Amino acid sequence: MNDSFNILDAFVSHFSPEVEGRRAEAIDSETRNALQRLCRGELSEAERQEAAKVLISNPTAMEFLLSEISTFKDS
Amino acid sequence: MTNGPISRLIYGMDGESATATNDEFALIESALAGDEAAASALRTSERTGRLESILERRGASRTEARDIVADLWSDCFNTGTDRGSLLDRFSGKGSIDAFLTRTALNRLIDYKRRQRFRGDLPGSNNGDGEVDVSDRFDRLPAEKAAETEDSLIGLLRESLVHAFRNCDAEKLVILRLVNQHGIDQTTVGRMWGWSQSKISRAISSLMDEIRDYTLEELQRRDPWLDLQWHDFVELCRESNELFTLD
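Protein chains in written order, with numbering that gives the first Met the number 0: chain A, 0 to 74; chain B, 0 to 245.
Hints listed in this document are in silico derivations from the structure and should not be mistaken for laboratory results. The model shown is predicted, which means the values in this text are computed figures rather than measured ones. Positions of the beta carbon are idealized from the N, C-alpha and C atoms, including for glycine. You may find that some hints are simply not true.
[Unchecked claim] Quick look at which bits of chain B chain A covers, simulated, 3 or more residues with Cβ under 8 Å:
no., stretch
1, 155-166
2, 177-187
[As the list claims (entries may be wrong)] The calculated label-pair distances, taken between Cβ atoms and stated as ranges, are:
no., chain 1, residue 1, chain 2, residue 2, range
3, B, Arg164, A, Gln35, 26 to 32 Å
4, B, Gly48, A, Thr59, 49 to 55 Å
5, A, Glu24, B, Glu45, 49 to 55 Å
6, A, Glu29, B, Asp167, 20 to 26 Å
7, B, Arg65, A, His13, 31 to 37 Å
8, A, His13, B, His180, 14 to 20 Å
9, B, Gly153, A, Glu62, 27 to 33 Å
10, B, Asn165, A, Asn32, 27 to 33 Å
11, B, Asn165, A, Glu44, 18 to 24 Å
Given these sequences and hints, build the entire structure.
Have a look at this one:
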């Protein structure tokens, strides 16, 4: 099942790179703060949904979150 | 291209090579140079039957399948026009059979869409208060000389983009974190304040959402096309491989 998702996600990435979610843009301090709080499990449901939209639409935000998760686990 | 289920299911070819062989290229070059024997070796009755069968299984009538495949063969060896031969566009990514199958499916999709569009066109008024429907199709813009867009890929792409845009954003992020970035479900559960089992259910339900939205859009765009979810995923996989085979 998850392999199917990777296939579909890769397909969209290959053939529709312009789709929202593929634009790498710098993230502002407010977004950084929200993602750090997400990492610590501190966001409300509404805040999580907003954060999710940002994470889908901006690979830079996802990279930042992954970095934060790694830092958080190591601390 | 691997000899996976799609090769058997969609292309109906077992034991097929991933890319064109030197022999295949030599055969194509000879055929294009006017070698009748080489052309016959490519245009076998077995290939013709297989292509027709694939089209019929995907929603073509018997007549439509025969016409499309006959045109396909004609274009393969038609070197006397500006368009050139269809085989000139064969890059060697994937086998010649996969290339022919994809082209045939594209043409079927184009044909069915034109057929539907023709039925939707308003007729023109002939001045006597009567609507003349005879020239509907003639007033359509001419089809591009070359098959510049892969209709099949376009259909898969548009259906999938529709699904991704409509499915739950949180679940999509969770699935990417777990599946693509290797973050364990316990960690993601802590971030979301969810149990691991809830994370697992979210992932599972997202795949159901993507499937349902995709097939819904597919049905809306081309209701005649008989494509199952497994077919869809495998066509995407094969397309990914075509994209990365350099």
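Hints versus structure:
| no. | hint | result |
| --- | --- | --- |
| 1 | 155-166 | holds (count 6) |
| 2 | 177-187 | holds (count 6) |
| 3 | B/Arg164 <-> A/Gln35: 26 to 32 Å | holds (27 Å) |
| 4 | B/Gly48 <-> A/Thr59: 49 to 55 Å | holds (52 Å) |
| 5 | A/Glu24 <-> B/Glu45: 49 to 55 Å | holds (53 Å) |
| 6 | A/Glu29 <-> B/Asp167: 20 to 26 Å | holds (23 Å) |
| 7 | B/Arg65 <-> A/His13: 31 to 37 Å | holds (33 Å) |
| 8 | A/His13 <-> B/His180: 14 to 20 Å | holds (19 Å) |
| 9 | B/Gly153 <-> A/Glu62: 27 to 33 Å | holds (30 Å) |
| 10 | B/Asn165 <-> A/Asn32: 27 to 33 Å | holds (29 Å) |
| 11 | B/Asn165 <-> A/Glu44: 18 to 24 Å | holds (20 Å) |
When the structure is compared with the earlier hints, no violation turns up for any of them.
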